[in-house]
Amino acid sequence: MPPISQQLLVIDDRSSNEVYTLIYRTLSWDIHGGPLAGDAYTEHDVGGAYYDDWGLTGLYARALAAKTFTATLKTICRELGEQGIERAADEIHD
Amino acid sequence: MLTTATLKQLESRLLRLATAMPSGFVLVSDHMNYHLALQTLGDRSAELYRGFVELERGGLPNAARAALRPLVEIDILIRFLGTNPTLHAELWEAEGERNKIAMVEEYFGPTETWMEEPWFEPPLDIEQLDEQRTRVAEARAKLVPRRFQALARPEACCRRSHSNC
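In the order they appear, the protein sequences are chains A and B.
First residue of the first sequence: 1, per the numbering used here; consecutive thereafter.
First residue of the second sequence: 1, per the numbering used here; consecutive thereafter.
Any given hint could turn out to be false.
Here are the simulated lysine-lysine pairs, DSSO-like style, with alpha carbons at most 30 Å apart [what the hints assert, rightly or not]:
no. : chain 1 : residue 1 : chain 2 : residue 2
1   : B       : K142      : A       : K67
2   : B       : K8        : A       : K67
3   : B       : K100      : B       : K142
Because the hints were derived from the structure by calculation, they are not lab data.
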C-alpha cells in the first residue's frame, strides 16, 4: 500500500494536498506527543520563543472535524448508493 | 460567521446521520471488496466523529484531536481507494496482512522456534502465515507497475518534504 504522501499523487487534488500538509501533519504532534501538541504551547514562553496558536483548537477544530466527516459521509454514501444520507450530508455541507 | 450554537446544531445533525449509516450488510457487486472497505471505514469514521464531539463537549480537547487525525486520514484514504476501487481495496487489505505477518515474524522469529504455548496467542498460525504471504505477494505484484509510475515523477514528489522521496 503506498504511503499517504504517494496516495496524494494518485488522487492529484489540491484540497487533499492542503489537508495533508497543513492539517494531517500538524495533528501528528497530538498523536505522537510532539512539543507543539494541542493548545498547551499557546500559553508558554519557551526560551524566549512564544509559540503562537496554529488554530487547531476550539471552534476551528470542531468545524474542521464536521467538514471532514461530512465529506467522508458524502463520498461513502454516494458510492454505496445511500442517496438519502448523501443528500442530507450535502445540505449540511452547503 | 460560525458560532458555537450553529456548530452545535450541525454536529447534532451529523451525529444523527452517523447513526443512520448503513452497517452490517454486504453489497453484492463487482467491487464488493471496495464496498466492504468503505463500509468498514465509514463505521470507523462515524465512531471517531462521535468520540471527537463527545470529548470536545466534555472539555477534553487534547483527546479529541487524537481522534481528528484518523478522521482526516480516512477521508484521504477513501479518495485514494476510489481512484481504482478493486486494486486499491485489495492493496488496503493486503497491507493489513503484511503488517500482521511482519509482527508475527519479528516477535516469534523463524516459525520452527515458536513456543508451544506462547503467553500471547499469535494472530496467525503457521498454515495461515504461508497463505497470507502468498496473498500479499500477489497483491504486491499488481502494485509494482503503478508504484513505478508514481516514483518516476520525482519533480512532483519532491515538492513535499516527506521521507520517502
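> CA of K142 (chain B) to CA of K67 (chain A), is that 30 Å or under?
Replying inline: violated, 34 Å
>> Next pair to validate is K8 (chain B) with K67 (chain A); report whether the Cα-Cα distance is within 30 Å.
In response: Holds, at about 13 Å.
> Are the Cα positions of K100 (chain B) and K142 (chain B) separated by 30 Å at most?
Replying inline: holds, 20 Å
Hint violations for this structure: number 1 only, all remaining hints satisfied.
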